[in-house]
Amino acid sequence: MCGTKFLRIIFIILLVICIQLSPVFSQDNDKISYTTYYFNDSGNNSVITTSFSLAKMIISGTAILLDIELDKVSLPPIDGSTGATRPARRKDKTFEKNRGQVILGFEQTITSTTSLAVNAYRSQEIDYLSNAAVVTLSQEMFQRNTTITLRAQYNDDKVGELLETGSLHNESKTTITGAAAISQILSASTVFDLSYDYMLLKGFLNDPYRKVQVFDANNAFQLLSENHPDKRLRQAVSAKISQYVDPVKASLIGSYRYYFDDWDVKSHTAEFRFNKYVFDDFILGFNYRYYTQTGAEFFQDRYALMANPLEQFRTADYKLNPFNSNTFGFNFRFLFRKFAENNPGWEFLSKSSFEIMYLRYTNDLDFSANIIQGSLNFAI
Amino acid sequence: MKKILVLFVAFLISACAAVKPWEREKLADPIMEPQSQFAKQKLDDKFFSSREGSMGGTGGIGGGCGCAK
Amino acid sequence: MNKIFIKNLFILCLLILFTNSVLFSAGNFDQVDKEAPDFKLETLNGPDSVTLSSLRGHVVLIDFWASWCPPCAKSLPLLAKLEQKYKNLAIVTINIDDEKENARQFLHKLNVDLTVVYDADKKVVSAYNVPELPSAYLIDQYGKIRLVHSAYNEEQVKKLEFTIRGLLDIK
Numbered sequence: 001m002c003g004t005k006f007l008r009i010i011f012i013i014l015l016v017i018c019i020q021l022s023p024v025f026s027q028d029n030d031k032i033s034y035t036t037y038y039f040n041d042s043g044n045n046s047v048i049t050t051s052f053s054l055a056k057m058i059i060s061g062t063a064i065l066l067d068i069e070l071d072k073v074s075l076p077p078i079d080g081s082t083g084a085t086r087p088a089r090r091k092d093k094t095f096e097k098n099r100g101q102v103i104l105g106f107e108q109t110i111t112s113t114t115s116l117a118v119n120a121y122r123s124q125e126i127d128y129l130s131n132a133a134v135v136t137l138s139q140e141m142f143q144r145n146t147t148i149t150l151r152a153q154y155n156d157d158k159v160g161e162l163l164e165t166g167s168l169h170n171e172s173k174t175t176i177t178g179a180a181a182i183s184q185i186l187s188a189s190t191v192f193d194l195s196y197d198y199m200l201l202k203g204f205l206n207d208p209y210r211k212v213q214v215f216d217a218n219n220a221f222q223l224l225s226e227n228h229p230d231k232r233l234r235q236a237v238s239a240k241i242s243q244y245v246d247p248v249k250a251s252l253i254g255s256y257r258y259y260f261d262d263w264d265v266k267s268h269t270a271e272f273r274f275n276k277y278v279f280d281d282f283i284l285g286f287n288y289r290y291y292t293q294t295g296a297e298f299f300q301d302r303y304a305l306m307a308n309p310l311e312q313f314r315t316a317d318y319k320l321n322p323f324n325s326n327t328f329g330f331n332f333r334f335l336f337r338k339f340a341e342n343n344p345g346w347e348f349l350s351k352s353s354f355e356i357m358y359l360r361y362t363n364d365l366d367f368s369a370n371i372i373q374g375s376l377n378f379a380i
Numbered sequence: 001m002k003k004i005l006v007l008f009v010a011f012l013i014s015a016c017a018a019v020k021p022w023e024r025e026k027l028a029d030p031i032m033e034p035q036s037q038f039a040k041q042k043l044d045d046k047f048f049s050s051r052e053g054s055m056g057g058t059g060g061i062g063g064g065c066g067c068a069k
Numbered sequence: 001m002n003k004i005f006i007k008n009l010f011i012l013c014l015l016i017l018f019t020n021s022v023l024f025s026a027g028n029f030d031q032v033d034k035e036a037p038d039f040k041l042e043t044l045n046g047p048d049s050v051t052l053s054s055l056r057g058h059v060v061l062i063d064f065w066a067s068w069c070p071p072c073a074k075s076l077p078l079l080a081k082l083e084q085k086y087k088n089l090a091i092v093t094i095n096i097d098d099e100k101e102n103a104r105q106f107l108h109k110l111n112v113d114l115t116v117v118y119d120a121d122k123k124v125v126s127a128y129n130v131p132e133l134p135s136a137y138l139i140d141q142y143g144k145i146r147l148v149h150s151a152y153n154e155e156q157v158k159k160l161e162f163t164i165r166g167l168l169d170i171k
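Just so you know, the protein sequences line up as chains A, B and C, in that order. Take 1 as the starting number for the first sequence in the numbering used here and just add one per residue. Take 1 as the starting number for the second sequence in the numbering used here and just add one per residue. Take 1 as the starting number for the third sequence in the numbering used here and just add one per residue.
Source of the hints: derived by calculation from the structure; they are not laboratory data. All residues carry an ideal CB built from backbone N, CA and C; glycine is no exception. Where hints are given, some of them may not hold.
Unchecked claim - Ranges between beta-carbon positions, derived for each pair:
| no. | chain 1 | residue 1 | chain 2 | residue 2 | range |
| --- | --- | --- | --- | --- | --- |
| 1 | B | 18 | A | 302 | 35 to 43 Å |
| 2 | C | 38 | A | 187 | 51 to 59 Å |
| 3 | A | 135 | C | 57 | 52 to 60 Å |
| 4 | C | 162 | A | 248 | 14 to 22 Å |
Claimed, not checked - Covered stretches of chain A, as calculated for chain B (at least 3 residues, CB under 8 Å):
| no. | stretch |
| --- | --- |
| 5 | 145-153 |
| 6 | 192-203 |
| 7 | 238-249 |
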């Protein structure tokens, strides 16, 4: 908790300093971004997130990256089936949880077409600690028509459980992630992206607070702890095409992702976005996303008590259900370039923008959510 | 690994008809979302990954003006 | 499985880096010491025109830029400073925007006073086979390209100035 408050103070100080100093920044690739995100679902769970990102060239060819994020999660007294969890002893009260996250990194331009970024990541909340190291290599080729990005990440997590006694019991989890992406310009108005993601998780992969109803032959049930396998291999392949539509000054972006893992969850995600200039500096966008997934092989609607419950994989994680979802949304983006041109002293805003996005998410598990995200991006 | 290499070679071959740097005006337009991808990735990490059983597919960085660094 | 994957990813990284360093550099160094393609282009705001061959006998720096190119906002003020510093250096900037008005607004925002010509049909930028934007070509008194300059970091700018001083015979 003290750590989160400290981060919040640092965040506000940095934001104020950087906005004040922004006319002083004069290097390429300097970017400041402030994003706030609000989410509220049908179970009255809410999340407010505020994040601040800074990318600044410190010496020729080297940029420092800093990202700070603060979450506040609020869960109502009745947990229900939202998937949001909290310590059992706080089930009758509204539960609030804060999380702080810091990413610090460096990006080095190795040649005019190659860059390497190294980031350290730390996320902390009352009952979860995550540390990670990320390395990203980016290579442009063929007069910058092709960009290849490779990323490797290692996470070391402590999954905690706040016990009735008030003490914290920790279990370990490690994640190795690899990703490869290719972006290819097909024409003066078309870009094609292809990517592959790989994630291997090992260790404690349960939610320590989630309980599963397990029924015996007499229809009486016990509440047993969730029990997932201690290893999960997850992979995804995705493709995206971005097309500029010249006559109407608009863009169409279509993407598809196929995900599969060794728990037998498979999913298809199709997304479609349309952006159009309404005025010279005002972009209106619409998007639709369809998602469908199969359930995990050990997912059951109703678990029967086995002779040895320790050997039974069982889950109360609704994310391992089969389900479909639809997301509709729209967004406004205002570019400050004309404002900067017409107002002396505000030239530093010429590459900056403000964006607000609203999404409505529904799935066939009777879950729905409203998401509002606003972001201010300063590129100097 | 073989599949990755095949993809790599395929893109090497397919990139023969390159778009010249002076033809990239439309690709550099904000409407093609080169900057918005950051906000979108935050949203994916924040919401969809915690509400659905999948991950990944946020893609790489490309397109844009391709200007000198 | 994961160790093999990481090892393969590492080999792929090395392959990419090797390929880039040998084959796919974004430079255009084969143009150095070649004759600079001649051009005659109208200025952005008026009926006047600039012909490269008419500047034979002068050291000329030509710079290709566009309003949609963020680093161009750094390169144009830099060129204005060079013009102030080296009175015998002729600087001609060539804009390649689709719309002239975008170029005018960009210049107005930067408040620089440079000679700007407009390559409407992009024949000149194509003739120079510009590797990236912005790109500057330093041409000597005999019409030969002596330096192709793209990056605007401190080291590259020093190299450009050093070459300019050499051509202008300034010690």
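Status of each hint after checking the structure:
no.: 1; hint: 18/B - 302/A: 35 to 43 Å; in the structure: 59 Å, violated
no.: 2; hint: 38/C - 187/A: 51 to 59 Å; in the structure: 31 Å, violated
no.: 3; hint: 135/A - 57/C: 52 to 60 Å; in the structure: 53 Å, holds
no.: 4; hint: 162/C - 248/A: 14 to 22 Å; in the structure: 49 Å, violated
no.: 5; hint: 145-153; in the structure: holds (count 5)
no.: 6; hint: 192-203; in the structure: holds (count 6)
no.: 7; hint: 238-249; in the structure: holds (count 6)
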